[in-house]
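Chains as they are written, first to last, in this note's numbering: chain H, 24 to 541; chain Y, 24 to 541.
Everything labelled a hint here was simulated from the structure, so no lab data went into it. A hint or two may mislead.
[Claimed, not checked] Pairwise CB distance ranges, derived in the manner of DEER restraints:
hint, chain 1, residue 1, chain 2, residue 2, range
1, Y, 355, H, 126, 28 to 36 Å
2, Y, 277, H, 486, 51 to 59 Å
3, Y, 104, H, 92, 41 to 49 Å
4, Y, 435, H, 363, 18 to 26 Å
5, Y, 99, H, 233, 34 to 42 Å
6, Y, 466, H, 432, 46 to 54 Å
7, Y, 100, H, 81, 56 to 64 Å
[Stated by the list, open to error] With a Cα cut of at most 20 Å, we get these calculated EDC-like pairs of lysine to aspartate or glutamate:
hint, chain 1, residue 1, chain 2, residue 2
8, H, 285, Y, 355
9, Y, 358, H, 128
10, H, 285, Y, 138
11, Y, 416, Y, 255
12, Y, 346, Y, 255
13, Y, 285, H, 89
14, H, 518, H, 77
15, H, 208, H, 121
16, H, 518, H, 255
17, Y, 142, Y, 271
18, H, 70, H, 89
19, Y, 346, Y, 368
20, Y, 358, H, 363
21, H, 346, H, 255
22, Y, 240, Y, 368
23, H, 358, Y, 368
24, H, 285, Y, 514
25, Y, 285, H, 363
26, H, 358, Y, 105
27, H, 115, H, 77
28, H, 104, H, 128
29, Y, 285, H, 355
30, Y, 115, Y, 105
[As the list claims (entries may be wrong)] Only some residues are given here: those of chain H computed to face chain Y with a beta carbon under 8 Å:
hint, residue
31, 144
32, 157
33, 291
34, 304
35, 317
36, 321
37, 346
38, 360
39, 381
40, 382
Note that this is a predicted model, so its numbers are computed, not measured. All C-beta atoms, glycine included, are put in the ideal place defined by N, C-alpha and C.
2 protein chains.
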Amino acid sequence: MALSRKEFLSLSGKSALAAQAARLGFFAFLSEPSGFSSDVLESSTVKKVHAYIDDHLDEHVGKIQEFLRQPSVSSWDLGIKECAGMLVDYFKQLRCKEANLVPTDGNPGVWAWYDGGAKKTVSRYFMYDTQPFNEKEWSSPPLAANLAPMAPFRSVIIARGAINSKGPLRAFLNALEAIIAVEGKLPVNIMFTCDGEEEQGSPHFHQVLAPYIDRLKICSAHLDPDPSQNREGQVSMWLGNKGICYVELEVSGRRWGRGPQKMPIHSSRKAILESPVWRLVQALHTMYNQSANRILIDGYYDAITPPTEEEEMLIATLIEKFKDRAFASERENVKAWMGDWSDEDAIRHLTFDTTLNIDGIWGGYTGPGVATILPEKAACKIDSRLVPNQGVKDQEALIRRHLDEHGFSDIEMRSLAGGDEWSRTSVREPAVQSVLSVYKKYGIEPAIWPRSAGSSPEAQYTRPPLNLPAVSGGLGHGSRAHAVDEYFVIEGNDKVAGLAECEKSMVDILYAYANWPE
Amino acid sequence: MALSRKEFLSLSGKSALAAQAARLGFFAFLSEPSGFSSDVLESSTVKKVHAYIDDHLDEHVGKIQEFLRQPSVSSWDLGIKECAGMLVDYFKQLRCKEANLVPTDGNPGVWAWYDGGAKKTVSRYFMYDTQPFNEKEWSSPPLAANLAPMAPFRSVIIARGAINSKGPLRAFLNALEAIIAVEGKLPVNIMFTCDGEEEQGSPHFHQVLAPYIDRLKICSAHLDPDPSQNREGQVSMWLGNKGICYVELEVSGRRWGRGPQKMPIHSSRKAILESPVWRLVQALHTMYNQSANRILIDGYYDAITPPTEEEEMLIATLIEKFKDRAFASERENVKAWMGDWSDEDAIRHLTFDTTLNIDGIWGGYTGPGVATILPEKAACKIDSRLVPNQGVKDQEALIRRHLDEHGFSDIEMRSLAGGDEWSRTSVREPAVQSVLSVYKKYGIEPAIWPRSAGSSPEAQYTRPPLNLPAVSGGLGHGSRAHAVDEYFVIEGNDKVAGLAECEKSMVDILYAYANWPE
């Protein structure tokens with residue numbers, strides 16, 4: 024059922040529940056059992072673990088540095104095997120019952136099972152690979168993992184992978200080791216599944232999960248404690264993500280049977296030859312209305328379901344409490360939203376709309392100055408973000424059918440990337456409630472989005488056959504993922520938690536979830 | 024007046040004159056004065072000069088090698104000044120009355136005036152710069168100018184500039200020196216204007232002409248003897264060329280005030296932001312009909328005049344005599360003409376149609392694999408070939424007006440290249456007749472096109488204020504201009520003339536023109 028833009032917007036404010044939630048703020052979504060907070064999050068166990076973390080902070084920093092100094096750049100095939108092996112060793116040191124590499128058609132994954140005989144078992148995802156880097160541009164070598172001041176923080180670790188995400192991975196293991204040191208065992212059992220190609224779009228991650236799918240079914244949640252504060256100390260939660268379909272379209276004279284066949288030809292020949300570049304323009308033009316905000320591919324909206332009541336409540340609250348901060352980091356690069364929408368409307372569209380985006384387009388001569396050629400081919404990369412219940416393969420098939428029906432059957436369409444599906448978890452899930460209770464303990468009201476506008480492999484846990492609720496959260500901050508001088512804050516300030524508080528919040532989340540009533 | 028495609032095609036065969044010409048072949052266009060050939064082209068003077076060339080061939084080859092060994096790569100600024108100076112020296116050795124560099128805002132031009140007191144003065148264009156090269160790919164170093172066999176030729180010179188066009192330049196000077204050695208002076212006076220930036224699109228050549236425009240007005244023709252045979256020994260003549268308008272169009276979020284403003288943004292933002300790439304697609308789409316063979320820019324065809332009767336006669340003859348050979352060199356790269364036209368129709372369209380071609384298009388991520396961005400800008404290069412009476416600036420203004428009237432006033436349009444205008448010379452001009460008479464002497468029937476589908480600066484001579492008839496032609500062969508192993512044939516075979524015959528045909532053309540009745 025296609026939901027028209029008008030219908031979308033008219034939903035806003037319709038629901039009495041949504042209006043009520045908006046007034047109360049996000050803690051209205053938390054149904055903390057009576058006495059829960061003081062019983063568990065203020066328990067002597069948790070306090071002892073926190074104290075242990077404080078006492079062993081230098082050692083914890085050292086372990087993070089050790090892991091960051093082991094390169095694991097998947098696109099350069101640099102240090103991948105060594106890093107995977109190091110991760111297996113970490114799991115063994117944690118006294119995991121199982122810890123081994125998982126061969127795939129690409130880089131190895133890692134599987135580990137920590138079984139402390141707890142009642143609940145959670146699933147945990149790690150990625151151990153990183154983006155590449157240009158060392159010359161960095162203020163501190165990206166593999167040195169040096170500690171340095173970086174205003175407004177007195178101490179951060181600067182390294183490739185510092186925040187995305189080898190630093191937080193090792194911080195989580197530090198937190199687990201602290202619990203085991205104090206208590207002898209963890210409050211939950213954990214099944215770890217780890218990806219060595221996340222930065223390549225996780226093309227083989229399903230091969231990591233496949234051998235363990237049946238065993239993963241005993242998990243009750245997919246829990247990814249992670250430093251989630253921005254520079255101002257604010258926190259956002261996304262209860263899922265959109266799917267993504269990513270294709271490359273190529274028009275070639277050879278496949279078309281028209282225009283230049285094998286190589287570019289002198290541009291004067293446009294008088295007597297068709298042009299693959301013009302054909303690409305014509306084909307793309309059929310896909311969108313003039314404002315490029317209404318996709319014209321037949322059936323493209325059909326699978327979309329309207330927002331749920333919970334999503335409406337979350338959005339209403341988000342708009343009421345966070346409207347002014349929702350797009351703070353994007354202001355510099357944005358002057359006006361599409362259709363001159365208000366921030367409120369933009370929040371809704373960002374959450375609920377499917378998209379069709381040209382990530383890149385190219386053909387012919389693209390250098391400086393003049394070359395007079397009629398190119399023999401032209402291509403573009405297109406991604407489409409998918410919302411419930413659009414499926415990657417279904418939407419790809421609609422694009423293919425559209426091209427065929429509009430006379431463009433010669434256009435080659437190549438699927439790129441793994442094609443992550445959309446993912447959704449209810450705010451009412453105990454795992455989410457546990458994270459909310461931790462935020463409440465620290466006095467941080469999170470901005471909760473029904474889903475991220477981006478994509479991730481999370482659906483491999485949240486959709487059949489596993490159907491796990493998934494949530495991420497925690498204190499701490501780092502930034503510049505994929506960029507120069509990537510960092511992870513070690514010593515916090517009055518707004519942002521440092522490493523000790525980051526690890527403590529991870530401990531809190533595990534104890535909160537372990538003790539949350541089913 | 025816009026001439027519709029249907030009107031164009033219906034002209035074919037309409038004219039009795041055209042049909043008659045077609046039967047007779049191109050020598051029907053030659054009105055040789057009675058006894059002219061035996062009187063002049065077989066005169067003892069010409070024969071003595073030919074013999075001199077045969078006797079001094081090794082010396083002539085050496086002079087060509089000397090000139091080719093002096094690099095003059097304009098895009099690398101390599102050897103430009105030295106080569107220009109060498110050219111001035113050559114003119115001084117020829118006992119030119121004037122020979123000097125002409126400063127421009129770019130590379131210097133060269134002016135020279137040979138005044139032998141002859142009745143007629145001709146204008147001659149030289150370019151002394153060359154394309155760059157990648158020496159590793161060559162079978163013989165591109166600056167060594169070695170002699171080598173290259174099947175089916177027993178001896179060629181391999182060098183950058185061998186055929187385009189320092190080899191032919193020096194061959195012409197060799198021919199002039201031979202005449203002077205035998206006769207003491209040339210049969211015509213010559214004004215030389217030389218370009219050091221032809222490979223850059225001659226951006227400053229008007230500054231070379233400007234100081235000499237008034238003096239050039241005493242010329243009666245612009246005569247460029249040049250080796251014109253293909254590998255099969257066949258010859259084509261183009262009695263002019265199309266003009267060219269070359270622009271770059273750029274859509275940017277910044278100028279548009281919409282979409283990403285300063286840098287690419289995460290592609291998930293397509294849900295709430297407009298896209299400059301889609302805007303470029305939309306803008307381009309307004310310029311052409313679906314088949315990209317009818318330009319939709321208002322008024323774009325208005326200035327076009329129908330083919331003249333002479334052009335119709337030439338085309339009819341071309342189709343009758345050369346239809347099968349007209350596109351021989353393009354067969355490998357072409358499967359079907361636009362609209363499935365016949366070769367006859369393609370010849371007409373190639374000659375008479377204006378065009379709109381995308382030479383290149385680019386935006387966003389164009390590398391391998393996946394990047395999920397919404398680009399902040401996108402651009403393309405467009406060239407349009409112009410026929411009488413389209414003017415470069417007029418057509419550019421129509422494109423600009425089209426964009427503005429279709430709501431794309433934010434799209435930046437940058438003019439690239441000098442913008443050569445169309446050029447046209449009548450086959451009846453004595454200069455053209457002279458060249459035809461030389462071809463007849465050697466038994467070669469040329470394929471005469473009313474104009475080339477490409478462009479050149481020739482209009483700077485043929486249109487006001489100079490209004491000179493322009494023609495090029497001569498025996499000899501070379502190829503691979505701009506490519507690896509560029510060559511110029513020194514020792515010909517049964518189809519193609521070698522250097523001696525090339526220089527002799529240049530001598531013939533000068534004597535034929537000098538003696539042609541006004």
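### Query
Hey, residue 104/H versus residue 128/H, does the alpha-carbon distance stay inside 20 Å?
The hint holds at about 14 Å.
### Task
Take a quick look at whether residue 285/Y and residue 363/H sit within 20 Å of each other, Cα to Cα.
holds, 19 Å
### Query
Do the alpha carbons of residue 115/Y and residue 105/Y lie within 20 Å of each other, as the hint requires?
Holds - the C-alpha atoms of residue 105/Y and residue 115/Y are around 15 Å apart, at most 20 Å.
### Proposed interface contact between residue 144/H and chain Y, which counts if any beta carbon pair is under 8 Å
Violated - the Cβ of residue 144/H stays beyond 8 Å from chain Y, reaching only about 32 Å at its closest.
### Query
Does the structure keep residue 346/H and residue 255/H at a Cα separation of 20 Å or less?
Holds - the C-alpha atoms of residue 255/H and residue 346/H are around 16 Å apart, at most 20 Å.
### Message
Tell me if the beta carbons of residue 100/Y and residue 81/H are separated by a distance inside 56 to 64 Å.
### Response
This hint holds: roughly 59 Å between Cβ atoms.
#### Entry: Restraint satisfaction for residue 317/H [CB to CB of chain Y, less than 8 Å]
violated, 12 Å
### Task
Verify the proposed pairing of residue 358/Y with residue 128/H, using a straight-line Cα cut of 20 Å.
violated, 41 Å
### Query
Under the criterion that the straight-line Cα-Cα distance not exceed 20 Å, is the pair residue 358/H, residue 368/Y satisfied?
Roughly 51 Å between the alpha carbons, so the hint for residue 358/H and residue 368/Y is violated.
### Message
Check the hint pairing residue 346/Y with residue 368/Y against an upper bound of 20 Å on the C-alpha distance.
### Response
Status holds; Cα separation ~10 Å.
### Message
Would the hint linking residue 285/Y and residue 355/H be met if the CA-CA limit is 20 Å?
### Response
Holds, at roughly 8 Å.
### Query
Should the hint that residue 382/H touches chain Y count as held when the rule is a Cβ pair under 8 Å?
For residue 382/H, the interface hint holds, since the closest Cβ of chain Y sits about 5 Å away, which is under 8 Å.
Taken one by one, the earlier hints fail for this structure at numbers 1, 2, 3, 5, 9, 10, 11, 13, 17, 18, 20, 22, 23, 24, 26, 27, 31, 32, 35, 36, 37, listed in ascending order.
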